[in-house]
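With the hints as your guide, set chain W with the ligand onto chain X.
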Amino acid sequence: MAPMARVALFDPCYMSALRPQDAGFARHVLEALGDQVTMIDGRCCGQPAFNSGFRNEAHSVGRELLKAARPHQTVVVPSGSCTSMVRHYLPTLFEGRRASGAAAIAGRFADFASYVAGHPALQDVVFKLDGVVTYHDSCHARRELHASGAALQLLGRVEGLEVRPLLYEDECCGFGGTFAAKQPELSVAMMTAKLDDIALTGARVVVSADYSCLSHIESGARGIGVQLQGWTLAELLSRALS
Amino acid sequence: MKTYRERASREIRLERPSATVTPIMRKLVGDSQAMLSRGPADARQRASAARAYAIDNLEDLHVQLRGRFERRGIGYHRCATAEDAVAMVRSLLGDARRVAKSKTMVGEEIGLTHALRKDGIDVLETDIGEYIVDIEGRGPSHITAPALHLNRARIREMLARTGADLPDDDPTRLSRHVRDVVGDFFQDCDAGITGANAVVASSGRITIVENEGNVSLGVSHPKLHIVLTGIEKVVADEAGALAILEVLAPSATAQPLTSFSHFLADPLPGQQRHVVFVDNGRSRALRDPRYREVLKCVRCGACMNSCPVYRVAGGLSYGSPYMGPIGAVLAPLLWPDGRYADLPFASSLCGRCTEVCPVGIPLHRMLLDLRADAVKGHHAADLKERTAWKLWALSFGGATRARAATAFTRVGLRSFGRTLRPPGPHRDDPRLLPDPSIDHDPELLLKASARRSIIPESAITEALPASLPERFAHRARQLGVDVVDACVPREGDRLVRATAAIASTGSVLLTGDQAARRPLLAAGRVVVMVDPATVVAFPHGLAAHLGGGDALILTGASRTADVEKIIVRGIHGAEEMVVVLG
Ligand code: SF4
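One line per chain: the protein sequences are X and W, in this order. Each residue of the first sequence is one higher than the one before, counting from 1 in this note's numbering. Each residue of the second sequence is one higher than the one before, counting from 243 in this note's numbering.
Chain X on its own, in the form it takes in the complex (with noise of 0.2 Å):
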């Protein structure tokens, strides 16, 4: 076994609201690599206000965040946009030496698909789950954090699973944050879209590194009445090891 390491696991406001089991799930997934794991919660990483345009409010919160992580070495993140956020635009609502100090801690955020491939103890752990899910590549993970292939390396790892490929991966799945519910036609739109293409896989699963895109996917789904669930990929993995 590779020596322990001391993670903190951030559990993002949007997930501790909508799918509190989750920051379970990917705390297991570090305790089976063996790491030791401290969370951090009651925070928010500042996006929604951001994107509506709102920096100074984005500024005051997101500083409680980077607060919250100085005392520690890694931040893994379960939410691809959360970590984009920080690592990319958060520093940028810094001034002076404060943005150096904000982009050092930044910095050391991880989000989880791509921290767990690296695991030095990964190939000491057995991902076993039988079943056929297909995955929605988030554009966060995608396009600003580069994370597609290590998540879909781990979902590889994962013995018995069928991973469906998506046609019209790189197609957004219409959230975009408050654009949900600022822009409904343009939003609901491309959702069923998304929904659409999912459907043609057969897959009643879909797996992505952001809850975000899974929660509009499945409020879309329940809603108009296709039977699908949205499962992060810490849920996947977190359920392939029991």
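Be a bit skeptical, because a hint or two may be false.
[Claimed, not checked] In silico lysine-lysine, PhoX-like type, Cα no more than 20 Å apart, as pairs:
hint, chain 1, residue 1, chain 2, residue 2
1, W, Lys244, X, Lys182
2, W, Lys618, W, Lys632
3, X, Lys182, W, Lys618
4, W, Lys632, X, Lys182
5, X, Lys182, W, Lys626
6, X, Lys128, W, Lys689
7, W, Lys807, W, Lys269
[What the hints assert, rightly or not] If you want the ones that stay clear, here's a sample from chain X, every Cβ over 12 Å from chain W, calculated:
hint, residue
8, His28
9, Val37
10, Pro71
11, Phe94
12, Gly96
13, Ile105
14, Pro120
15, Gln153
FYI, nobody ran anything at the bench for these hints, they're computed from the structure. In this text, a Cβ means the ideal position worked out from N, Cα and C, and glycines have one as well.
Frame of chain X; chain W with the ligand shown alone:
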């Protein structure tokens, strides 16, 4: 209608643009990628560098260009505002009454056609797509495919409004009908107005690309040729212009190059040529480090082709001359009075635009900055929203409060999420609010049904002939060009000798007299002699062969794809092209 959202909902409800646009764009985006991968691996970097150099040295390049224009006898004009530009064109036109206009986005930007018509000038849109949307009266919905939102039946209806009696809506018939109207107009017109894709500072040559041949007519037939373009379109040298061409057509229409790539030098005998450079807010954008890179744009349209929002709501929803991601960035910069301040919010920030842009403009990051500007300048977000964000920041400003806020949301959603629909007046919204108490059922993993989608096998790499001349012949044949060792002359042939040819695109380069457009357009068949020793690998290899005068790169016969993106060959100019290689 005032807001983007109002216009978009209307379009989605009444016109359903996605039904026409999405399948076309899905195919186009894939084809574009394949076409780009045929070119040199560093094509995008090279194009990006050429554009970056241009905007970093803009004023010096303009000084140099002005000198070159003087020597060539080309008029140089620079206009600060849209109104100035309209007035300038009007004065250059003098007593011209019949004006043939080809596609220029700057023309749309300054409202040129409308202004000239108000003065009683007879303006004809000579690009087939523009001709069609001009009848419809709602403007272009795409920068390279103006009539993209109309299917063939609607286009036939539009043409019928002008009295055209067409027996069916076959794309070839529709396209050729417009070609004939345009061809007749050119027989007797006073001036041609075109845009430009680049203006070369070191040589004073004007680069324009087109497919139909209407630009060829416009630059060679009327006595007066006016070019209308943005101040940023200057590039340092021919290598820069070729670097742009190398990515432009692949990104725009998945073509290797457009059918015609013009390098216009001196005006023809008895002809006047003027170039009007329009600023209209560009200098201001250039001074802002957050946005200056937007002036690198080569107007290929790849960002809108790949934009999910553009596909769903179409181009007309933007209500601006520029649409899609580039429109959502450019419009609020060119018109900073707030009228387009909501366009940057018409994006899910998926970042696909940034990914495909061939000159590396970080479009989605600019959208974020523009959103912040709109909030700061009070062009977006009402008091209710401002208060909501203040409260939000207060709740998430401390861990205890944040935990309480998320718990409150969670409990709220648990009790009502199952039944509630998201707030808002959108009746067709099927989404239920998320419900945190729903547990996932692992049994679903085993309930998959059969797969119905076919994932295309990744394209088998083409086996290309080894030698450059053979590769050139292979690519030319793919464009419908007949490549032969010898050819029996026919009446109506135009026989020309190419200066060089391009292996990766199947194109031929004509220079000097050989590039004369009038005889080329009048020919029944164009026969091009190509010396195998002159074939270069990629377009940028032509820089050494362009000479100092007029030049024209031909890539297959003239064509259009303005009706449902279906290719119709043989618009203005010969349908048949023969290459004699040897
Ligand atoms: S922004 Fe980029 S992709 Fe969009 S039109 Fe301009 S050059 Fe093309």
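Taking the hints in turn, this is what the structure says about them:
1. W:Lys244 with X:Lys182: Within the cut-off at roughly 16 Å; holds.
2. W:Lys618 with W:Lys632: holds (14 Å)
3. X:Lys182 with W:Lys618: holds (18 Å)
4. W:Lys632 with X:Lys182: holds (18 Å)
5. X:Lys182 with W:Lys626: The hint holds at about 14 Å.
6. X:Lys128 with W:Lys689: holds (17 Å)
7. W:Lys807 with W:Lys269: holds (11 Å)
8. His28: holds (14 Å)
9. Val37: holds (18 Å)
10. Pro71: Nearest chain W Cβ is 14 Å from X:Pro71, so the label holds.
11. Phe94: holds (15 Å)
12. Gly96: Label holds. Min Cβ-Cβ 17 Å, cutoff 12 Å.
13. Ile105: At roughly 17 Å from the nearest Cβ of chain W, X:Ile105 sits farther out than 12 Å, so the non-interface label holds.
14. Pro120: Its Cβ never comes within 12 Å of chain W, the nearest being 29 Å, so this holds.
15. Gln153: At about 18 Å from chain W, X:Gln153 clears the 12 Å cut-off, so the statement holds.
When held up to the earlier numbered hints, the structure conflicts with none and fits them all.
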